[in-house]
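K.L.:
Next come the chains, spelled out residue by residue.
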Amino acid sequence: MEKYRLKLYVTGRTPRSQQAIDNLRRLLEEEFAERYELEIVDVLEDPQQAEAHKVLATPTLVRDLPPPVRRVIGDLSDRHQVLLGLDLQALGEGDHGGTDHD
Amino acid sequence: MTEGAPPGVGKLATGIPGFEYIADGGLPAGRATLLAGSSGSGKSIFGAQFLVEGIRQWQQPGVFVTFEEPPGAIRDNFAALGWPIAEWEAQGQWAFVDLSPDEEQPEIAGEFDLGALLPRIEHAVQRVGAGRLVIDSLGTLYSQYSDRHMVRRALGQLMAAVRRLGVTALVTAERLEEYGPVARFDVEEFVADAVVILRQVLNGDKRRRTVEILKMRGTSHQKGEYPFTVSTDAEGVSIIPLSAIELNQPASSERAPFGVAELDALCAGGLLRGSVTLVAGPTGTGKSLIGAHFATGDPGERSMVIAFEEGADQLRRNAAGWNLPFEGMEADGTLQIHAAYPETAALEDHLVRLKKAIEAFRPGRVTIDSLSALERIGSDRGFREFLIALVAYLRESGITTVMTTNTSNLQGGGIASEAQVSSMTDTIILLRYTEQQARIKRGLVVLKMRGSDQDKAVREFTVTDRGIRVGEPFAGDSGSLLGFVRG
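So the protein sequences, as listed, match chains A and B.
Going by the working numbering, the first residue of the first sequence is number 1, and it counts up by one from there.
Going by the working numbering, the first residue of the second sequence is number 103, and it counts up by one from there.
These are computed hints drawn from the structure, not numbers from a lab.
Every value quoted in this text rests on a predicted model; they were computed, and no experiment measured them.
Heads up, some of the hints might be wrong.
[Unchecked claim] List of simulated lysine to any residue pairs, SDA-like, C-alpha gap at most 25 Å:
(1) A:K54 - B:V284
(2) B:K457 - B:T436
(3) A:K54 - B:K457
(4) B:K113 - B:Y244
(5) A:K7 - B:D204
(6) A:K3 - B:I210
(7) A:K54 - B:K113
(8) A:K54 - B:T436
(9) A:K54 - B:A188
(10) A:K54 - B:E213
(11) A:K54 - B:N179
(12) A:K54 - B:Y244
(13) A:K7 - B:A256
(14) A:K7 - B:E213
(15) A:K7 - B:Q207
(16) A:K7 - B:K458
(17) A:K54 - B:M252
(18) A:K54 - B:A175
[Claimed, not checked] Label pairs and their calculated CB-CB ranges:
(19) B:D126 - A:E37: 56 to 64 Å
(20) B:D288 - A:E39: 34 to 42 Å
(21) B:A188 - A:E34: 24 to 32 Å
(22) A:A52 - B:G413: 53 to 61 Å
(23) B:K458 - A:I40: 51 to 59 Å
(24) A:E37 - B:Q246: 24 to 32 Å
(25) A:L65 - B:Q159: 40 to 48 Å
(26) B:D295 - A:K3: 49 to 57 Å
(27) A:E39 - B:D295: 19 to 27 Å
(28) B:R309 - A:K3: 53 to 61 Å
(29) A:D22 - B:E170: 30 to 38 Å
(30) A:E2 - B:K458: 54 to 62 Å
Just so you know, even glycine gets a beta-carbon here, dropped at the ideal spot from N, CA and C.
Using the sequences and the accompanying hints, generate a full structural model.
P.N.:
And the structure:
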């Protein structure tokens, strides 16, 4: 099955960056183990990529695949909003064959 | 008037026509200047042209940070002006930082800040080696993010970064009122050292654009509002610096003859080349005729007639009636007639159009018949500015100019335009009706001929099928009768 391709844009090694990375890793491992690829982009090191993808706020999480592209901004502490924003739940639900157990 | 100019703040020439004059050399180099104006006041084109001229005139690359329109729309808009932005991007002379709003609002899941703003701008500046930076426009973030503290912090950091980068920056900001607060959202506190305001004021149904430098801390500038035009061709913004214009006088001592011996004799051989002459008089005295004589006075010189009152066909018929070779010269390509009805365009647009026609034809002499028509459409101030700009342009181009104007009072007496125009002209030829022995006759006198001696006598003249005949001075002291003021 198709994997999620995700990019997380952060600004340097700030506590907020680290928090977003930790929050996201935890969520992905718990809900989507083996079904995602995650790349972390530090906009201080790769501003060109931030320009190409029009990233202004950090942290920004981008779902590149499957289309359409979806974005969530913030430190990802609100797990419900992350799932909603990336539309991850729908696919998860499809795999689990139900909508009423969540 | 200028403020004191302590050393330390250098200026960077923008290349925008006229701006260096009002800014005493340009924008404060290596600093940020706020460019505030209402919607549609020309901020974006002014900003873009700052970059365009840098590339065109000095090969100095620039970065355009857009918070509003996406780069694609900006490229398209300015391609219509003939500015090849995409080409410059490919050559590494122009870079966009695209902060235009996304169509879809992203979901918010926790705390964030605008952390990619500075890295992206710094990257673009370093990538092209930019000396110029435009940010259009600064307040936009306030309408995109509800967290005002975060936006304030980001703007503060942005302006600090601009100073650190050493680029000369033009930062636009939206205003809601033409004579209200400097800008929306108090963004001027982030760019407090230098402020330029663009305004568009409606006069009747005509729009008048002005630019004013509110302050330039640490360096001098001209005060007050200066009119400017926004052209729809590559020229873009053009500022009309009023007080700069009366400085240069025609240096030539060569003459441009009317081709009428008596009239040329009155003017010491003809009008000074590159000078400006006003022919003023009431309806029917022969202003247009004198203009037509001038237009055909030297068959070897390219001549342009700009008609605001009558159509080209009517002018040709008039000239034929006086045996003046309009049609022959048109056939030779030495005469062009441009007829325009002033009601159809704003004064600024007339100016731009006339300049274009003159640049294409390159005449040695221009006849404008008549200014009175133009006066109907603008406020007095707008009219004066139009004239000053036109006269300045003609003079700069070394073109000998004759303009006619109507005086509504048959016996003379000053009307507004005459007083306004006379300060800008080198020579005034006054035409009047006068009563002599119970008959109405025409009188003519040459006043105020800068740089030469002229015959100041009031002479009778007649209109014949060969054009004008200038006769002898009227006998006796007819000055008061004619309403002439001796110059």
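K.L.:
Compare the structure with each hint and give your call.
P.N.:
How the hints compare with the structure:
1. A:K54 - B:V284: violated (30 Å)
2. B:K457 - B:T436: Status holds; Cα separation ~18 Å.
3. A:K54 - B:K457: violated (43 Å)
4. B:K113 - B:Y244: violated (31 Å)
5. A:K7 - B:D204: The hint holds at about 18 Å.
6. A:K3 - B:I210: holds (23 Å)
7. A:K54 - B:K113: Violated. K54 of chain A to K113 of chain B sits at ~34 Å, over the 25 Å cutoff.
8. A:K54 - B:T436: Between K54 of chain A and T436 of chain B the Cα gap is close to 57 Å, so the pair fails against 25 Å, i.e. violated.
9. A:K54 - B:A188: Given that 25 Å is the threshold and the Cα spacing comes to 19 Å, the pair holds.
10. A:K54 - B:E213: holds (19 Å)
11. A:K54 - B:N179: holds (21 Å)
12. A:K54 - B:Y244: Measuring from Cα to Cα gives roughly 18 Å; hence the hint holds.
13. A:K7 - B:A256: holds (23 Å)
14. A:K7 - B:E213: holds (18 Å)
15. A:K7 - B:Q207: holds (18 Å)
16. A:K7 - B:K458: Answer violated: K7 of chain A to K458 of chain B is near 54 Å, above 25 Å.
17. A:K54 - B:M252: holds (19 Å)
18. A:K54 - B:A175: Status holds; Cα separation ~16 Å.
19. B:D126 - A:E37: 56 to 64 Å: Holds, at about 58 Å.
20. B:D288 - A:E39: 34 to 42 Å: holds (40 Å)
21. B:A188 - A:E34: 24 to 32 Å: Violated, at about 44 Å.
22. A:A52 - B:G413: 53 to 61 Å: holds (58 Å)
23. B:K458 - A:I40: 51 to 59 Å: holds (56 Å)
24. A:E37 - B:Q246: 24 to 32 Å: holds (30 Å)
25. A:L65 - B:Q159: 40 to 48 Å: holds (47 Å)
26. B:D295 - A:K3: 49 to 57 Å: holds (53 Å)
27. A:E39 - B:D295: 19 to 27 Å: violated (42 Å)
28. B:R309 - A:K3: 53 to 61 Å: Holds, since R309 of chain B and K3 of chain A (Cβ atoms, about 58 Å apart) stay within the stated range.
29. A:D22 - B:E170: 30 to 38 Å: holds (36 Å)
30. A:E2 - B:K458: 54 to 62 Å: Holds: the Cβ-Cβ distance is about 60 Å, inside 54 to 62 Å.
Checked against the numbered hints listed earlier, the structure breaks hints 1, 3, 4, 7, 8, 16, 21 and 27; every other hint is satisfied.
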